[in-house]
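Participant: Position 39 of the sequence shown, counting from 1, maps to 39 under our numbering, and the rest follow consecutively.
Just so you know, these hints were derived from the structure itself, not from any lab. Ideal Cβ placement from N, Cα and C applies to all residues, glycine included. Keep in mind that the hints are not guaranteed to be accurate.
Said to hold, decoys possible - Calculated pairs, DSS-like style, for lysine-lysine (alpha carbon to alpha carbon, straight line, at most 25 Å):
no.	residue 1	residue 2
1	Lys62	Lys81
2	Lys101	Lys81
3	Lys101	Lys113
4	Lys92	Lys74
5	Lys64	Lys74
6	Lys92	Lys81
7	Lys113	Lys81
8	Lys33	Lys13
9	Lys165	Lys144
10	Lys92	Lys113
11	Lys74	Lys32
12	Lys13	Lys32
13	Lys17	Lys33
14	Lys13	Lys29
15	Lys13	Lys25
16	Lys29	Lys17
As the list claims (entries may be wrong) - Label-pair ranges, simulated between beta-carbon atoms:
no.	residue 1	residue 2	range
17	Gln65	Ala88	24 to 30 Å
18	Leu76	Ala52	33 to 39 Å
19	Glu3	Thr23	44 to 50 Å
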Amino acid sequence: MVEVDENVAELGKLAQKLSLGPTRKDFLKLLKKANPETPFPEVDADEAITAATAPLLSEIEKLKQNQAHEQSMKNLAERRKPVAHLPAEDLKSLEQFMIDKGIADYEIALREKTRLDAVAAPRPAGRFGRAEMPTPDKDNALYKDPAGFRNRTLHNLIDDLHAGKAI
Numbered sequence: 001m002v003e004v005d006e007n008v009a010e011l012g013k014l015a016q017k018l019s020l021g022p023t024r025k026d027f028l029k030l031l032k033k034a035n036p037e038t039p040f041p042e043v044d045a046d047e048a049i050t051a052a053t054a055p056l057l058s059e060i061e062k063l064k065q066n067q068a069h070e071q072s073m074k075n076l077a078e079r080r081k082p083v084a085h086l087p088a089e090d091l092k093s094l095e096q097f098m099i100d101k102g103i104a105d106y107e108i109a110l111r112e113k114t115r116l117d118a119v120a121a122p123r124p125a126g127r128f129g130r131a132e133m134p135t136p137d138k139d140n141a142l143y144k145d146p147a148g149f150r151n152r153t154l155h156n157l158i159d160d161l162h163a164g165k166a167i
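Working from the sequences, and respecting the hints, build out all of it.
Facilitator: This is the structure we're talking about:
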């Protein structure tokens, strides 16, 4: 019987310690769970407040999400201003190009896409004409002595340039 009394005394000390420390609310919730009909004002008040504020908190969260969405759409519209003149299909193509190339700025992406899509402008003939196709003799010289062929060709080219001949 002495052991039982000691165990009860130890449990009483532990219960008192738990009910007074920072674990008080958890201890009271545990007691409420064990005895649901017993009133515990602290636990009951917390549950009532949580139940009353839950819909309001969810509504506030929805409003925050809507506000963040609206702000991001405004930011996107602001960033799209340099390309606002583009048709929707071209804008979609540009945005896919931006994703593919990892470009974040619309203006830079448009400039780069235009540059890449543009056909190279023809070069004026001027003094420099079309390169001469190698003949079988030149091919033989090329394969027999590549360094000598290169030197002769370059020297001939330089001489022709100095003479003002069209190449």
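Participant: Take the hints in turn and mark each one as holding or not.
Facilitator: Here's how the hints hold up against the structure:
no. : hint                         : in the structure
1   : Lys62 with Lys81             : violated (29 Å)
2   : Lys101 with Lys81            : holds (20 Å)
3   : Lys101 with Lys113           : holds (10 Å)
4   : Lys92 with Lys74             : holds (18 Å)
5   : Lys64 with Lys74             : holds (15 Å)
6   : Lys92 with Lys81             : holds (14 Å)
7   : Lys113 with Lys81            : holds (17 Å)
8   : Lys33 with Lys13             : holds (21 Å)
9   : Lys165 with Lys144           : violated (29 Å)
10  : Lys92 with Lys113            : holds (13 Å)
11  : Lys74 with Lys32             : violated (50 Å)
12  : Lys13 with Lys32             : holds (19 Å)
13  : Lys17 with Lys33             : holds (19 Å)
14  : Lys13 with Lys29             : holds (18 Å)
15  : Lys13 with Lys25             : holds (17 Å)
16  : Lys29 with Lys17             : holds (15 Å)
17  : Gln65 with Ala88: 24 to 30 Å : holds (27 Å)
18  : Leu76 with Ala52: 33 to 39 Å : holds (38 Å)
19  : Glu3 with Thr23: 44 to 50 Å  : violated (27 Å)
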